[in-house]
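S.K.: One letter stands for each residue in the lines below.
2 protein chains.
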Amino acid sequence: MHVRSIKEWCLGKPLPTREMKHERVTNAEGLAIFGTDSVSSTAYATEEILQALVGAGLLFLSVSVPIAIVISLLIFVVAISYRQVIYAYPQGGGVYNVARANLNERLALVGAASLMVDYVLTSSVSIAAGIAALTSAVEPLYDHRVMLGVIVIIGLTLVNLRGVRESGKIFSYPTFIFIGIYGAMFIYGAIQMAQGTFPVAVMPPQNEFMGVLGVALMLRAFSSGCTAMTGIEAVSNGVQAFKSPESENAAKTLMRMATILGTIFLGITFMAWYGNIRPMETETVISQIARSLFGSGICYYLVQGITLIILTLAANTPFAGFPRVASQLAKDGYLPRQFMNLGSKGVYHFGIAFLSLSSMLLLMLFQGKAHALLPLYAVGVFLGFSISQLGMIYYWKKQSGDHNWQIIINTIGFCATTAVLVITFLSKLTHGAWMLVPAIIAIIYVMRLIKTHYMAMEQKLRVDGIMPTIHQDKTMAVLVSAVNKATLYAIAVAQSHSPKHIEAFHVAIDEADIQVTEAQWRTYQQEGLIPSDMKLEIIYNEFRNITKAVNQHVRQLQDLWNDDELVIVILEIIPSKWWQHCLHNQTAKMIQLDIENDPRINAEILDVQFKVKD
Amino acid sequence: MHVRSIKEWCLGKPLPTREMKHERVTNAEGLAIFGTDSVSSTAYATEEILQALVGAGLLFLSVSVPIAIVISLLIFVVAISYRQVIYAYPQGGGVYNVARANLNERLALVGAASLMVDYVLTSSVSIAAGIAALTSAVEPLYDHRVMLGVIVIIGLTLVNLRGVRESGKIFSYPTFIFIGIYGAMFIYGAIQMAQGTFPVAVMPPQNEFMGVLGVALMLRAFSSGCTAMTGIEAVSNGVQAFKSPESENAAKTLMRMATILGTIFLGITFMAWYGNIRPMETETVISQIARSLFGSGICYYLVQGITLIILTLAANTPFAGFPRVASQLAKDGYLPRQFMNLGSKGVYHFGIAFLSLSSMLLLMLFQGKAHALLPLYAVGVFLGFSISQLGMIYYWKKQSGDHNWQIIINTIGFCATTAVLVITFLSKLTHGAWMLVPAIIAIIYVMRLIKTHYMAMEQKLRVDGIMPTIHQDKTMAVLVSAVNKATLYAIAVAQSHSPKHIEAFHVAIDEADIQVTEAQWRTYQQEGLIPSDMKLEIIYNEFRNITKAVNQHVRQLQDLWNDDELVIVILEIIPSKWWQHCLHNQTAKMIQLDIENDPRINAEILDVQFKVKD
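Those protein sequence lines, which keep their order, are chains A and B.
For the first sequence, my numbering assigns the number 7 to the initial residue and increments by one for each residue that follows.
For the second sequence, my numbering assigns the number 7 to the initial residue and increments by one for each residue that follows.
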């Protein structure tokens, strides 16, 4: 099977540019599609609070409820702030756009860097949490969680390379089912509570959970719970997908989404507190709640199943968002141009591949644990939120007319998100949050380097009348790796270009090689297959460095025939099947790369291809 | 900094072929150098037995002592068997050599595949166990074990790419220190036992460790402990490093090594039993023993430190062994030829890189846990042992003279190792051992494919008088990606080759592109920078697939000018710094690859390089 057919089999038929238009979605569908990322955060937020509190002792787990209430209020503050982004930027108000338009390049790049990191982390965290839902139900799989996560990411990658778009309506069903199942669980739980039959776990004897709950720990628990807010900005990036009037519909949807998010988050936290649930290594809090309510029956598996599905869909959202942001940054010259290439299916395949590999790497390095990844994630998200809100304050200031109300709302949003950012960063500093600082600095540094380079290059490629000299005469140097049929062909092709001089040379790395090559060359000359006046120069390199030997020889030739244009003839043996390629021409490729890289060499390379048929 | 200087800074000065000779080592040094891999297995073997037994209940942990005694006897059986390999194959008796000489190709490949897998696993397992020694002492690092492991592998890779050889005498000190420290610990422990002051952990109340010890579990515990035997074959691979008489010295060393291995293994197992040590997730058994003996003082850290060091050295041994085996397989045509390339430092850099990446991947997929990797490792090792012993039986049969004694010894060795292989495979089937079956089948399949291909290729490159036709006239097709200074240069270069026909073409992926390119072309034609009679063909591809569009156009040209040789002129813009390369020419490279791969296209490629200076 040819590589092209494999590609087509994996990716499906190509999609022409004219058919790449966006579907519009109803508000309900929009809620489901843009809400996955946000609503799915409830799968881990409560657990995070409990994990932080358990450090102080089991007695303090009840503090989770007031913390969750405070966070729910914050969810509304942030949602109202983003509501304003929707009206101001109906074209899509990602933090990069908002900051670039209203703040400066530096903050826009900080925003862009945090956004890219967040997208990668959204995938890793959601996959890790989804797999945790699975391994809670099927415990023996716990040890294979990293491999399972990697398999899911590979699956998402293939699906996205095929060109599934986020606005696919089919993605809306699981969110509705998720809300339905969790809603049913809450109602069932409430009935049990009312009847006094709600199962409550027995706490270990009092003396085992002594401890002190300091302010630092309270703040850490609070910042842990703030992971519930991740993904809340998704609607503001997809305003154009809504039906007209787009902004109004998107704004309504955002507020509904925030309500649902807050309700589910509070519900889970309350039930966990009521049922004396403690965080465990191998079973999630939600799994414990569902198991205590439903036993190990079908209802339990429904809860775990839909949690896995919603988190997988949440992990899928960056596959639409990340490539889009990367392509915009590439368009602005901050990232390599490959990120702009729309593949045959109309997707940014380079961005998808990059996201996929990065999130796999994170998943592997953090042992497939959402808990280990969340500190980084939360800091990144709130960094983006803060910059976005700051940008909005400046946005309203620039608008004509009275926008005091809007400024006040975004200022509250800015203060709230910045406070969470600072608290999260400080309280999670030693839990991995510090890694974000070098990561973001490095990303910004690289983006600036790339931008500077592209700008300088554009300048240098401008037509200005000064052109490099072009010699009319050619000197051809044929690199001989072994004397065989293909070599004879390459020599004949070089001759057919009628160069002024033609030279053949071979790099030997041991004595035997010198003798065999010389003997063969002489034989074929006697048989008339190689011109009798063509000398084969054999260069012995005692460091076995063929590339370096070729480089030196080419530079000597260049000096010798400095009135000619130098053409280096490189033979490539092309086998008939694609997988056989890696078995040939590797040295030739290294040599070509080396010659290209060397500013002292000014030569063309003639690739003679000897295709071998089966 | 140029890429060459980075390479030199990382890898050091190159080493000429004439200086690549082997040092000889004394028996003591040989013991230390070839013994690391073997002796370091004691760091995890006892723990593995206890982990298997704990499944039956804490009461049965004491069964570990008789199991360890049986395994120690087995160590001697295997050592005596390998002693014969040393005499029969003083040139190096790896399983691949032994099986190829005495058995058939199939078994030789099974042996080779198991050997390669084992080398990778030796690195992953040793790193994982070494990091466990570290995280036992510094508990907060436990969550970062995968990252720490990856860092150590990267370090080993760099050191080995620099060309450190296994026979470096400096590697012998840690083994002596390891034996010294562990010996001292045993003596100190024995004194404590004699005085009755040996610290014994309190067992939980009786009712918590009820359980049944079935035969299956016994066998599993036994096979878990057999991981102590891994690495015992190392001496037989390095006979030539010993002073004359090589075989005698190596044989003596092997038996001493087996004695030391058995003693340390028994010592640890006995102390673990005596001290009521139970296996724990975050602290190794050895760490628990050392901590109970020494508290958290300097002696404790000495034990943990030397354990980390010896395991790191054990992880280093495959960096010498794997590339050597891979290069031999490449020489025999079973692996890509890259594995044969000795880099500038006289090391097989391709093999080192391959090993490094594979063991990192395994470490990440198995969450950096030695326990998870060991089932695979053990099965692979015993598969190699069995094939090796079987080969030796046939070897003695082929020799003239009476070799009954030798045959008996290797038959006992074969039976013992095969028994362990079967027990390990069956009892660890569901713990990951099954993965080895598809892995080894896949490796053998690929090796055979490669061999078949290389053999067919050799046949096809033989000079036989039938040569492809070479057209004397040239048609040149210049691919224009954008109209700029570099493009003008490429056109001028193509003209200087005086082809019969010359054509320029551009692939557009949107309407704006068509117009801009056309307008620029016209402008430069009017300015006389482009010949006025040269037409630019613009091809619009609605699937945004530049590669495919170029392919189709090239094939049309080929049909049109079928009496000419087709030369496709591809412009590469070469920036001045190496890292900037990834920002350019990616599409050009894809196009080149596509044209090379297509058997319908018979063309040369002229790479015109436009070097941009700073």
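Some hints could be false.
No copy labels: a pair is met if it fits in one copy or bridges any two.
[Said to hold, decoys possible] No farther apart than 27 Å at their CA atoms in a straight line, the calculated lysine-lysine pairs in the DSS-like style are these: (1) K595 - K619; (2) K258 - K404; (3) K617 - K404; (4) K457 - K491; (5) K375 - K506; (6) K491 - K403; (7) K617 - K541; (8) K375 - K457; (9) K457 - K541; (10) K554 - K337; (11) K554 - K619; (12) K583 - K554; (13) K258 - K457; (14) K554 - K506; (15) K466 - K506; (16) K375 - K404; (17) K617 - K466; (18) K491 - K619.
Please keep in mind that the hints were generated in silico from the structure rather than gathered at the bench.
Just so you know, these numbers come straight off a predicted model, no measurement behind them.
S.K.: Cα distance capped at 27 Å. Does K491 pair with K619 within a copy, between copies, both, or neither?
M.R.: within (14 Å within a copy, 40 Å between copies)
S.K.: Is it within, between, both or neither when you check K258 against K457 at 27 Å Cα-Cα?
M.R.: neither (39 Å within a copy, 65 Å between copies)
S.K.: When no copy is specified for K457 and K541, does a C-alpha distance of 27 Å or less occur within a copy, between copies, both, or neither?
M.R.: neither (49 Å within a copy, 34 Å between copies)
S.K.: State whether the alpha carbon distance between K617 and K466 is at most 27 Å within one copy, between copies, both, or neither.
M.R.: This pair counts as between: shortest inter-copy Cα distance 10 Å, intra-copy 38 Å.
S.K.: For K583 and K554, with the copy left unspecified, which applies at a CA distance of at most 27 Å: within, between, both, or neither?
M.R.: Between copies only: 19 Å across, 31 Å inside.
S.K.: Within, between, both or neither: how does the pair K554, K619 come out at a Cα-Cα threshold of 27 Å?
M.R.: between (33 Å within a copy, 22 Å between copies)
S.K.: I want to check one pair: K595 and K619. Are their C-alpha atoms no more than 27 Å apart within a copy, between two copies, both, or neither?
M.R.: Both ways: K595 and K619 sit 22 Å apart in one copy and 23 Å across, limit 27 Å.
S.K.: Between K491 and K403, at a C-alpha cutoff of 27 Å, which is it: within one copy, between copies, both, or neither?
M.R.: The answer is neither: 75 Å in one copy and 45 Å across copies each exceed 27 Å.
S.K.: Quick one: K375 to K457, C-alpha cut-off 27 Å, is that within a copy, between copies, both, or neither?
M.R.: This pair counts as neither: shortest intra-copy Cα distance 36 Å, inter-copy 43 Å.
S.K.: Could you figure out if K617 and K541 sit no more than 27 Å apart (CA to CA) within one copy, between two copies, both or neither?
M.R.: Within. Shortest intra-copy distance 26 Å satisfies the 27 Å Cα cut-off; inter-copy 31 Å does not.
S.K.: Since the copies are identical, ignore which copy is meant and state whether K375 and K506 lie within 27 Å (CA to CA) inside a copy, between copies, both or neither.
M.R.: For K375 and K506, the Cα distance exceeds 27 Å both inside one copy (66 Å) and across copies (65 Å).
S.K.: How do K466 and K506 come out at 27 Å by Cα distance, when the copy is not named: within, between, both, or neither?
M.R.: neither (32 Å within a copy, 32 Å between copies)
Going through the hint list in order, the structure does not satisfy hints 3, 5, 6, 8, 9, 13, 15 and 16.
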